[in-house]
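Student: Sequence:
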Amino acid sequence: MFWNFIAVAFGGAIGSCLRYAMSLSFSGSHSVLPLQTLTVNIIGSFAIGLLYAYVSNYSVPTVAKMFLFVGLLGGFTTFSSFSLETVAMLRNGYFGAAALYSLGSLVLGLAAAFGGIFLGDKVIAWIEH
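Those letters in the sequence shown? Residues 1 to 129, per this note's numbering, in order.
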């Protein structure tokens, strides 16, 4: 159990730093939509799909799963930021943008997770044959 906590802590630190680096790449953006959060959530959804495909086909130690899923991707993805930004858009009267952002995050996130699983399964099948 102790090593799981350490793995989550290190993974979370790395994921958070990666998220911050991503936000810096959008520093000049002046869009009403928080594109950096949307991008991080889509990338994170795809990555979690790929990893899920892998751990579904191979034996992976629990500590590695904790590092990757809870730590790294938990620190990288930003659902809490998504929620706050959506509420801020609604409070500022940007109802259309809030709806577009919410729907886009949901649909694209689910599609990215599905795509990650699909691609992960194909890559694993290709490697094993």
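Errors might be hidden in some of the hints.
As the list claims (entries may be wrong) - Using 25 Å as the maximum straight-line C-alpha spacing, the simulated SDA-like pairs for lysine to any residue come out as follows:
id: 1; residue 1: Lys65; residue 2: Thr39
id: 2; residue 1: Lys65; residue 2: Trp126
id: 3; residue 1: Lys122; residue 2: Ala21
id: 4; residue 1: Lys65; residue 2: Ser81
id: 5; residue 1: Lys65; residue 2: Ser27
id: 6; residue 1: Lys65; residue 2: Ile117
id: 7; residue 1: Lys65; residue 2: Asp121
id: 8; residue 1: Lys122; residue 2: Phe69
id: 9; residue 1: Lys65; residue 2: Met22
id: 10; residue 1: Lys122; residue 2: Ile6
id: 11; residue 1: Lys65; residue 2: Gly96
id: 12; residue 1: Lys65; residue 2: Met1
id: 13; residue 1: Lys122; residue 2: Ala64
id: 14; residue 1: Lys65; residue 2: Trp3
id: 15; residue 1: Lys122; residue 2: Leu24
id: 16; residue 1: Lys65; residue 2: Ile43
id: 17; residue 1: Lys65; residue 2: Leu100
id: 18; residue 1: Lys65; residue 2: Leu119
id: 19; residue 1: Lys122; residue 2: Ala111
id: 20; residue 1: Lys65; residue 2: Ile42
id: 21; residue 1: Lys65; residue 2: Leu50
id: 22; residue 1: Lys65; residue 2: Leu84
id: 23; residue 1: Lys65; residue 2: Tyr54
id: 24; residue 1: Lys122; residue 2: Ala9
id: 25; residue 1: Lys122; residue 2: Ser81
id: 26; residue 1: Lys65; residue 2: Phe26
id: 27; residue 1: Lys122; residue 2: Leu73
id: 28; residue 1: Lys122; residue 2: Cys17
id: 29; residue 1: Lys122; residue 2: Ala112
id: 30; residue 1: Lys122; residue 2: Pro61
id: 31; residue 1: Lys122; residue 2: Val107
id: 32; residue 1: Lys65; residue 2: Ala9
id: 33; residue 1: Lys65; residue 2: Ala112
id: 34; residue 1: Lys65; residue 2: Leu103
id: 35; residue 1: Lys65; residue 2: Ala97
id: 36; residue 1: Lys122; residue 2: Ala99
id: 37; residue 1: Lys122; residue 2: Met22
id: 38; residue 1: Lys65; residue 2: Ser29
Hints listed in this document are in silico derivations from the structure and should not be mistaken for laboratory results.
Student: Taking 25 Å as the top limit, are the C-alpha atoms of Lys65 and Ile43 close enough?
Tutor: holds (18 Å)
Student: For the pair supplied as a hint, Lys122 and Cys17, is the alpha-carbon distance within the 25 Å limit?
Tutor: violated (30 Å)
Student: Lys122 and Ile6 were given as a pair; does the straight-line alpha-carbon distance stay at or below 25 Å?
Tutor: Distance of about 32 Å is beyond 25 Å: violated.
Student: Are the Cα atoms of Lys65 and Trp126 separated by 25 Å or less?
Tutor: holds (23 Å)
Student: With a cut-off of 25 Å on the C-alpha distance, tell me whether Lys122 and Leu73 pass.
Tutor: The given pair, whose Cα atoms are some 22 Å apart, holds under the 25 Å limit.
Student: Is Lys65 close enough to Leu103, meaning Cα to Cα at most 25 Å?
Tutor: Violated, because 29 Å separates the two Cα atoms, which is more than 25 Å.
Student: Does the alpha-carbon distance linking Lys122 and Ser81 stay inside the 25 Å limit?
Tutor: violated (33 Å)
Student: Holds or violated: Lys65 and Leu119, Cα atoms, limit 25 Å.
Tutor: holds (19 Å)
Student: Is the straight-line distance between the alpha-carbon of Lys65 and that of Ser27 25 Å or less?
Tutor: violated (32 Å)
Student: Do the alpha carbons of Lys122 and Ala21 lie within 25 Å of each other, as the hint requires?
Tutor: Roughly 30 Å separates the two Cα atoms, so the pair is violated.
Student: Between Lys65 and Ser81, does the CA-CA distance stay at or below 25 Å?
Tutor: Cα-Cα ~24 Å, so holds.
Student: Given the hinted pair Lys122 and Phe69, is their alpha-carbon gap at most 25 Å?
Tutor: Given that 25 Å is the threshold and the Cα spacing comes to 21 Å, the pair holds.
In this structure, the hints that do not hold are numbers 3, 5, 10, 11, 15, 17, 22, 24, 25, 26, 28, 34, 35, 36, 37, 38, in rising order.
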